[in-house]
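Visitor: With the hints as constraints, model all of the structure from the sequences given.
Protein chains in written order, with this note's numbering: chain S, 1 to 144; chain B, 145 to 288; chain H, 289 to 432; chain L, 433 to 576.
If you're looking for bench data, these hints aren't it; they were derived computationally from the structure. From the three backbone atoms N, C-alpha and C, an ideal C-beta is built for every residue, glycine too. The reader is advised that the hints may include incorrect statements.
[As the list claims (entries may be wrong)] Taking lysine-lysine and the BS3-like style, the derived pairs with C-alpha atoms no more than 30 Å apart in a straight line are: (1) L/Lys542 / S/Lys110; (2) H/Lys398 / H/Lys431; (3) L/Lys575 / B/Lys287; (4) L/Lys542 / B/Lys287.
[What the hints assert, rightly or not] If you want a taste of the chain S side facing chain L, the calculated C-beta under 7 Å gives, among others: (5) Asn90; (6) Asn92; (7) Leu94; (8) Ile109; (9) Lys110; (10) Val117; (11) His133.
Protein chains: 4
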Amino acid sequence: MTDTRPPAITLEEFADVTRTGLPMAYRLGLRAEAIGYGTATVRMPFDETLVRPGGTISGPALMSLTDYTMYAALMGALGRVELAVTTNLNINFLRKPAARDVLAECRIIKLGRTLCVLDVTLTSEGDDRPVAHATGTYAIPPKT
Amino acid sequence: MTDTRPPAITLEEFADVTRTGLPMAYRLGLRAEAIGYGTATVRMPFDETLVRPGGTISGPALMSLTDYTMYAALMGALGRVELAVTTNLNINFLRKPAARDVLAECRIIKLGRTLCVLDVTLTSEGDDRPVAHATGTYAIPPKT
Amino acid sequence: MTDTRPPAITLEEFADVTRTGLPMAYRLGLRAEAIGYGTATVRMPFDETLVRPGGTISGPALMSLTDYTMYAALMGALGRVELAVTTNLNINFLRKPAARDVLAECRIIKLGRTLCVLDVTLTSEGDDRPVAHATGTYAIPPKT
Amino acid sequence: MTDTRPPAITLEEFADVTRTGLPMAYRLGLRAEAIGYGTATVRMPFDETLVRPGGTISGPALMSLTDYTMYAALMGALGRVELAVTTNLNINFLRKPAARDVLAECRIIKLGRTLCVLDVTLTSEGDDRPVAHATGTYAIPPKT
Numbered sequence: 001m002t003d004t005r006p007p008a009i010t011l012e013e014f015a016d017v018t019r020t021g022l023p024m025a026y027r028l029g030l031r032a033e034a035i036g037y038g039t040a041t042v043r044m045p046f047d048e049t050l051v052r053p054g055g056t057i058s059g060p061a062l063m064s065l066t067d068y069t070m071y072a073a074l075m076g077a078l079g080r081v082e083l084a085v086t087t088n089l090n091i092n093f094l095r096k097p098a099a100r101d102v103l104a105e106c107r108i109i110k111l112g113r114t115l116c117v118l119d120v121t122l123t124s125e126g127d128d129r130p131v132a133h134a135t136g137t138y139a140i141p142p143k144t
Numbered sequence: 145m146t147d148t149r150p151p152a153i154t155l156e157e158f159a160d161v162t163r164t165g166l167p168m169a170y171r172l173g174l175r176a177e178a179i180g181y182g183t184a185t186v187r188m189p190f191d192e193t194l195v196r197p198g199g200t201i202s203g204p205a206l207m208s209l210t211d212y213t214m215y216a217a218l219m220g221a222l223g224r225v226e227l228a229v230t231t232n233l234n235i236n237f238l239r240k241p242a243a244r245d246v247l248a249e250c251r252i253i254k255l256g257r258t259l260c261v262l263d264v265t266l267t268s269e270g271d272d273r274p275v276a277h278a279t280g281t282y283a284i285p286p287k288t
Numbered sequence: 289m290t291d292t293r294p295p296a297i298t299l300e301e302f303a304d305v306t307r308t309g310l311p312m313a314y315r316l317g318l319r320a321e322a323i324g325y326g327t328a329t330v331r332m333p334f335d336e337t338l339v340r341p342g343g344t345i346s347g348p349a350l351m352s353l354t355d356y357t358m359y360a361a362l363m364g365a366l367g368r369v370e371l372a373v374t375t376n377l378n379i380n381f382l383r384k385p386a387a388r389d390v391l392a393e394c395r396i397i398k399l400g401r402t403l404c405v406l407d408v409t410l411t412s413e414g415d416d417r418p419v420a421h422a423t424g425t426y427a428i429p430p431k432t
Numbered sequence: 433m434t435d436t437r438p439p440a441i442t443l444e445e446f447a448d449v450t451r452t453g454l455p456m457a458y459r460l461g462l463r464a465e466a467i468g469y470g471t472a473t474v475r476m477p478f479d480e481t482l483v484r485p486g487g488t489i490s491g492p493a494l495m496s497l498t499d500y501t502m503y504a505a506l507m508g509a510l511g512r513v514e515l516a517v518t519t520n521l522n523i524n525f526l527r528k529p530a531a532r533d534v535l536a537e538c539r540i541i542k543l544g545r546t547l548c549v550l551d552v553t554l555t556s557e558g559d560d561r562p563v564a565h566a567t568g569t570y571a572i573p574p575k576t
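Guide: What follows is the structure, given as structure tokens:
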């Protein structure tokens, strides 16, 4: 879904969501660099503690980045729906990431009333080839 | 796969793998409580920093636990194959976990020569109903 | 979910659902052999037209069997909810199936109000080792 | 993966693969309309026997189309690797398909030496909004 509507959340607001509510993401240093209506780009700064045997970035770090980027893209469409929760995530690990920042690009595939399906591609900075690709579903909290 | 063969790694050795090679898992306090041939049970101690909006444990923490438990079960069958890497992980989040320790139970569904498929069920301590269920595939490094 | 409540549909009723509403399943000869509350066992009779290059049963035939078995298990818990639809299906193909009937066993992992998550294991008749394993989600139609 | 290399199989050859080796796909009338290097577009003609309760096209028919389109895109990159087999397929059903032909577009996300990961989007003819989205992995047979 590419959409020209303005995003429903600013980078500053999403940073605030992170700081106040997402300690794991905050500790990983995850930082949204762009949020559009249903899209987001997030950077995970490289850090030695992310490395696992084989000199590659750990799967859990990449999954954390993936989930966080979906959350950002969803809020880009719906605003501060903090109570949205992941119901399914499927990820394929494709290549050994470099010892560099990882970038995640997310777009909404389908925004329904109660469910949202999203697509995420991860790359190492400076290299277009994906290191991982994921699809996920978020449950959207009912409006109150 | 239930198997009566002895495990190919001890709890102490796996704790050592964690301490020396898996800083994210180590920081989360993940602790294997049982490892059999192709099976593992791991505990994630409850901690306030795991909580996300809605008072639930964050998806990335549950995914980290899931991936780590698969790694333990794989080593239970193959020994210290540190270079084994996740190629696919699919997880369904089923219920809001309680503010309690989470337990993960993993078993190997199929152990092939190059790929291993595993199944993981997560529960909150003291409650049998699953909070998440996952399947994943590890690529097994070639013997050298 | 193992449950001792009686099934909400009989084998005869489910055969009727199939005959009247599921031409693809009917043509494949899929036949529920047991339906419990949230569980089902279905047989796919071997047939030369299911075979694909390599002498193995085609993935789409196995996926059809998987989806149909989930539908049966769901109706075992909820009765004739014909309008329930699959929202996600994830399948791992594990072994080359033999040129024999395939059996699918399904159980509900989580039955919610709007979503149901199920688990399916496929085996070749006479061999316990799984040829495929799947998890899926059905959306449950609202009661009217 | 967009690639300007010529496809490794022609539409005629792939139709021949279908006619001689894939009876289920042949019976569904699946027809590749374009095959590039690692890409494919396939049409599934609408037919009353594809319909399931609710007036929607059955999930198994959409899964058959998905798997077949991945097979076409893989052969677009590698030629007649008939023995390539699906190892994982994950599909999200997004919208009720219309009573019309369904079109599937596939591209390779990652072509490795032994595994290939692909992405498929399904739409109803004449409507850009996806009815389903899938990712899958094929195992590539060793060269002999």
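Visitor: Determine for every hint whether it applies to the structure shown.
Guide: Status of each hint after checking the structure:
| no. | hint | verdict |
| --- | --- | --- |
| 1 | L/Lys542 / S/Lys110 | holds (24 Å) |
| 2 | H/Lys398 / H/Lys431 | holds (19 Å) |
| 3 | L/Lys575 / B/Lys287 | holds (21 Å) |
| 4 | L/Lys542 / B/Lys287 | holds (25 Å) |
| 5 | Asn90 | holds (4 Å) |
| 6 | Asn92 | holds (5 Å) |
| 7 | Leu94 | holds (4 Å) |
| 8 | Ile109 | holds (5 Å) |
| 9 | Lys110 | holds (4 Å) |
| 10 | Val117 | holds (5 Å) |
| 11 | His133 | holds (5 Å) |
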